[in-house]
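Visitor: Now that you have both chains on their own, put them together as the hints suggest.
In order, the protein sequence lines correspond to chains A and B.
Going by my numbering, the first sequence opens with residue 2, and the numbers climb by one from there.
Going by my numbering, the second sequence opens with residue 706, and the numbers climb by one from there.
By construction, these hints were calculated from the structure, which means they are not laboratory data.
Just so you know, not all the hints are guaranteed correct.
Claimed, not checked - Taking beta-carbon pairs under 8 Å as the criterion, some of the chain A residues facing chain B (in silico):
hint, residue
1, Phe49
2, Glu70
3, Arg71
4, Ala72
5, Tyr76
6, Leu83
7, Pro85
8, Ala143
9, Gly160
Source: prediction; values computed, not measured.
Virtual Cβ for every residue (Gly too), placed ideally from N, Cα, C.
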Amino acid sequence: MLEFDGAVKRFGPLVALDRCTFTARPGRLTGFLGPNGAGKTTAMRAVFGLVELDAGTVRCHGVPVSAAERARFGYMPEERGLYPRMRVRDQLVYLGQLCGRGAKEAGRSVDGWLERLGLASRAADRLDALSHGNQQRVQLIAALIGEPDVLVLDEPFAGLDPIAMDAMSALLSDVATRGVTVLFSSHQLDLVEDLCQDVVIIDHGRIVLAGELDELRAKVPQRFVDIRYRGPTPDWSGLARVELVESGNGQARLRADRGTDLGAVLARVQDRADIVSFAYQPPTLSELFRGAVAA
Amino acid sequence: MTGVRQGWLVARREIRERGRSRAFRVSIALMVVAVAAILALPALLRPGGTKDIGLTGPAPPGLPAAIQAQAHAAGTTARIHRYASLTGGEQAVRQGHLDVLVAGARQLEWKGQADEQLKAVVTSAIQRVTVRDRAAAAGIPPDAVAALIAPVPVTSVELGSAAGRSPADELAVTVMTGVLLLCISVFGQMVLTGVLEEKASRVVEVLLARVPARAVLAGKIAGIGLLGLAQIAVIALAALVTVTTVGSIHLPAVRSGVLAWALVWFVLGYALYATMYGALGSLGSRTEDAQSVAGPATVVLLVAYFASFFMIAQPASAAAQAVSYFPLTAPLAMPGRIAMGATAWWEPVFAAMLALAAIIGLVLLAGRIYTNAILHSGPRLSLKDAWRSTTTSSPGPAQAKPPETFRHRVRTRAGGRGMATTDLASHRVLITVLTGIGIALGATVAVLTSDVILGVIAGAGFIAVAIQMVKLWARPGPPVAHR
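Excised from the complex, chain B in its bound form (with noise of 0.2 Å):
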């Protein structure tokens, strides 16, 4: 019996288990219904369709027919309408059957805000009717009018941050990383919960009486891996079916080549997160800690969220490089970097060795953890308890005295059944410093990369990982040992 077929049956389970439940088919079916709404709806509402004109008061004869022809040029259909009386029209405008009134061929009514594009189409139909009624009161030839008055073809080009990538493409890579971020973070804390319910109702004493920790996690872990992968096929499936039944989207940046970098990438962040979610479920003792365990880890996320975010507009500067580098915002930010074509071709593969040295360093600190804390009662573990007990069970005697600080926080939990006492005072001086590093740091991106924004994120971010970290690691819940 090998701890790799134990690991592999630990998985199975995973799979099964959350396969088979309501809540995981019900998800699905919402994504897939959700992503389908999203990708169709732009398509099915795009602006255009019909607009209602009214006309009164006097009109050069040709006006319907030039309006109609410049909607057409416009891409929208043209409904002429003609009224009696200025009133009638206007109250027309008012009831909301027409989208403008013509009065005159002078003024254009509206009911709100006057909508720019059919603005454009009206008054320019009316310029080319008068200009060619005066040309022919003037004596000139109806032809050598039409010459003079034929419309010069004008294109616009959106040359967005990056040579061959449009804003568009730069909202699709948002949106991809966006995508990244939540799949990253729903199928880590779905590892956190899992760890934790598991320690919760002590199906873990039984499992580790028969299986090494490490296959339990690891086998967690891929188990809840595989089901994301496949829950992402199936909302992919969904999404290509849409885009090529309902239209075309065309964006140069979202590729084949870019699609398996993202899920490469996926796969990577998703082991590098989840191995630290997997560590931080051991710590918590009731599943109610799911959320206050999670932290580090979803402030690192969110950090390396935003880093990448801000990326997307300069893929190409160093600092974009640095991120998509480092093994912690690789995940978020380098996907992006490729899809916008900012990379040579070894820059993906150097991150992701990194990224894979960074995973195999982890799953020997998370094992770590995990293997002290999972079988600890009492109230929930320190990092540092759990980083330092060299045995797999409980140290302590029933209560420890809390640390007779100053000023110390008492936090009474739900149920009342353990109280711990988070100190922070005597960390305070790390803290201040800690503050000040990231103060320091977030000031040299800003004056590094020339950019505010990118030094508050960098230094915000730095301030609110080690503040997390420093409390993890620090709480002393006066352990009790089971026995």
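With the rest of the complex left out, here is chain A (with noise of 0.2 Å):
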């Protein structure tokens, strides 16, 4: 459990946190999501003491985090984050001992991790020798090894090949089922929909969104109506209660408030086309971010 309380983060007239307060719950994972430059890698450093807060703090059940309990906390940075000539398995030991295990325990733990992760051949290279997505699996040991509670993560899924994100994405999972807090930051909102109980808006240093995903999505008033035809393009024009989105290609996505007579909607679309499939849905997670951003 990772509670941020009203942390404010100022940077001469620049205000990075302004009075931010989420949590990250145990056993799941929480997407963090914002623009560029919103406060997402000053709130996650925030957690490691990295960034001092002028207000607020940060709180692990309960209690505000103490210099210790860090130690044994799981931080990935954006950018690499380890030494490109030290041999990867030295390397992971070396950052267990900083947490504090005995060199022999570290030693057992990396080996089995490199194992799982399928770099136990590879534990005797030089890091710079490995592939990116290879050097981004290493940053994820060096981020679990001190068996920590809370696992913070900024853009572990950047510059990934699909197969190395789907890999990340079933360790993370794995990860929380165990009981561990994971907070990640991302900008690919497909997969944080996917992978994600939990997500946390930030932007311009104010956290806009904040919850369950799935609460989030049947909060908003809108609804969408994806449809499905065979044919030409008919014309959407004059459709009561409901705004088309997008159309073309054989597809059509219109806006309708909660609410709205779904049968009439489908019997009016009906008449103008070969439907082949209809679904009403809450918008997708890139549309929320979308609308909190831009508000």
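Guide: Rendered as structure tokens:
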């Protein structure tokens, strides 16, 4: 359980964090979203005392985070964060020891992780000899080596190929199911939508949306009607109480308010086209995001 | 988990990783070979050896024997060659087969400049033989002649600058001071580049999430220092082995006590300058910044070196005393004074205490700068920003407006990512004042010590250090927040 409570951080005239309050819960993946420069990295650094807050606190299990706890938290910064010329295993054991673990214990746990992520044969290689995806895996092990309750990852999916992305997703989900609080930032909204139970959206230092993803989507008054049809693009104009979002290529997306009579909409749509499928849905995360950030 | 244990882990990583690198091993091997060669070569190439002397034309019958006797007395061996003709002998000289040709026992012919020692040997041999022949001709018995011209032993003593120390000692002390300078600056710069590399690769973020900033800096300094000591020990051992096997170099100034003190002063000097280098390293943002941020410490170190270098000439003077007490110059000046026998027992102890106090002060100062600057990203920080920033991260909006000054220098960095405006114009008054103070200081020192060179060193040193500090302090790189 990681709680931000009224966190404020100013850099001169710039307010990087403006009374940020949100919670990341254990056993769940929390996606931390926001445009570039919104304050994501500053907030994540605040967890580790790398940024000293001007006001507010970051709490773990209800008490302000202490240095000893931080040492065990897992942190993966956006850029590298490892020694490029150090051997993979030595490097991970070293970071494990810095978390307070003994050399042998850390070594065993590193070997286990390397085995699990298919990197056992690269243990004696220098980090810079590894591919980007493999380096990212090593970074993830570095974050997990202290057996943390709290895992904070800055852009863990940046630059990964689809297969590496799947592997990373599976691993994070697995870590979360073991009761770890996982907070990670990302710009890949589709991926966050598939992966995360909770999302926090920050813009200009303010938390604009936070909570369970399904709830957030359900709370929004708009609904969307997705239609697949056969034949040429029909004339959608003059549809009452729905608004055309996009159309073409055998698909159309209409915006409707919650409570719109779906039967009437379907009937009117059927008049104009040969319908293959008809779906009624809350907005996607990326629509939520655009709405929240633009507001 | 204490900071001390973490600091030790950091130190151990430095030792293991650096000690394992091929560059480190090769450099140690090269230095061992170089030291052994430097110490062994003079003994192997000692002047003397065999001289080839040609004789031609009429010569007294005892001349070859006399030349050989004189050469032996001078510590060389003479080989005599006879030449039937002058031209034959001269050709042998020109071809380098002979060192000198003695023509008719009256003229010495050389290929180039005369070898003064050989000239003296041959001349005195000719004189002796001639005197003996003339005496025999005058009827004086050979025994009486031998007694008359028996050589009077004349020895020469090189006094040097201090009682009990020879110029060779002074040379040894100069070398020792140079080695101290080299060690302190090499290992100090290793700390600087190490700090900069960790900052540039963002490893430091991961470290600082787990370890206090002071423990990271202290561990790095301690690790590199221990590695440096090990390196020095290996090279010293090589030097000792070479000296004992190849031949004796007798230097009363280089005693075990002096060497022990030199080691103590290496540790103190290294701690002092490495702390400084560590703090300066945190100001840069990429490894290419290393040279420019190292500037102030390097200048201070060089000024200290030149100051101590001139102190060796007059180790007992008040100026020497002052320089050997002042913490920044003491590590280079004090060992030399100790070696020259110019110190009372308490002086090094007192100076070491001062240096320790300075180190403590500097650790606090450097710790603050390091903590403030290490997480900053974007263009290189100025010392002022690093000092003033009360938080651990970077200030400022994306691009601060460059100061509107009458004249400012814009420097574009390689890679073109950032542009820093170096603005010394607004500090022109300050620099003028500092230069004035520097000139005044130099003049005062020159008058007080009645030594112009010392004055110039003091003045120029002060000005160089002051300008470096102003530059570093004021460099207003528009800070960019990493968010």
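Visitor: Classify the hint on Phe49 of chain A as holds or violated, based on whether any CB of chain B lies nearer than 8 Å to its CB.
Guide: Where the cut-off is 8 Å and the nearest Cβ of chain B is about 4 Å from Phe49 of chain A, the hint holds.
Visitor: For the hint on Arg71 of chain A, just tell me whether its beta-carbon gets within less than 8 Å of chain B.
Guide: 6 Å, holds
Visitor: Minimum Cβ distance from Tyr76 of chain A to chain B below 8 Å?
Guide: 5 Å, holds
Visitor: Is the interface hint satisfied for Ala143 of chain A? The criterion is a beta-carbon contact with chain B at less than 8 Å.
Guide: 7 Å, holds
Visitor: Interface hint check: Ala72 of chain A, Cβ to nearest Cβ on chain B, cutoff 8 Å. Holds or violated?
Guide: Constraint on Ala72 of chain A satisfied, holds at 4 Å.
Visitor: Would you settle whether the hint for Pro85 of chain A is holds or violated, based on the nearest Cβ-Cβ distance to chain B being less than 8 Å?
Guide: Constraint on Pro85 of chain A satisfied, holds at 6 Å.
Visitor: Under 8 Å, Cβ to Cβ, is where Glu70 of chain A needs to be relative to chain B, so tell me if that hint holds or is violated.
Guide: Nearest chain B Cβ about 11 Å off; hint violated.
Visitor: For the hint on Leu83 of chain A, just tell me whether its beta-carbon gets within less than 8 Å of chain B.
Guide: Hint holds; Leu83 of chain A Cβ to chain B Cβ min 6 Å, cut 8 Å.
Visitor: Report holds or violated for the interface hint on Gly160 of chain A, using the least CB-CB distance to chain B and a cut-off of 8 Å.
Guide: 15 Å, violated
When the structure is compared with the earlier hints, violations turn up for hints 2 and 9 and for no others.
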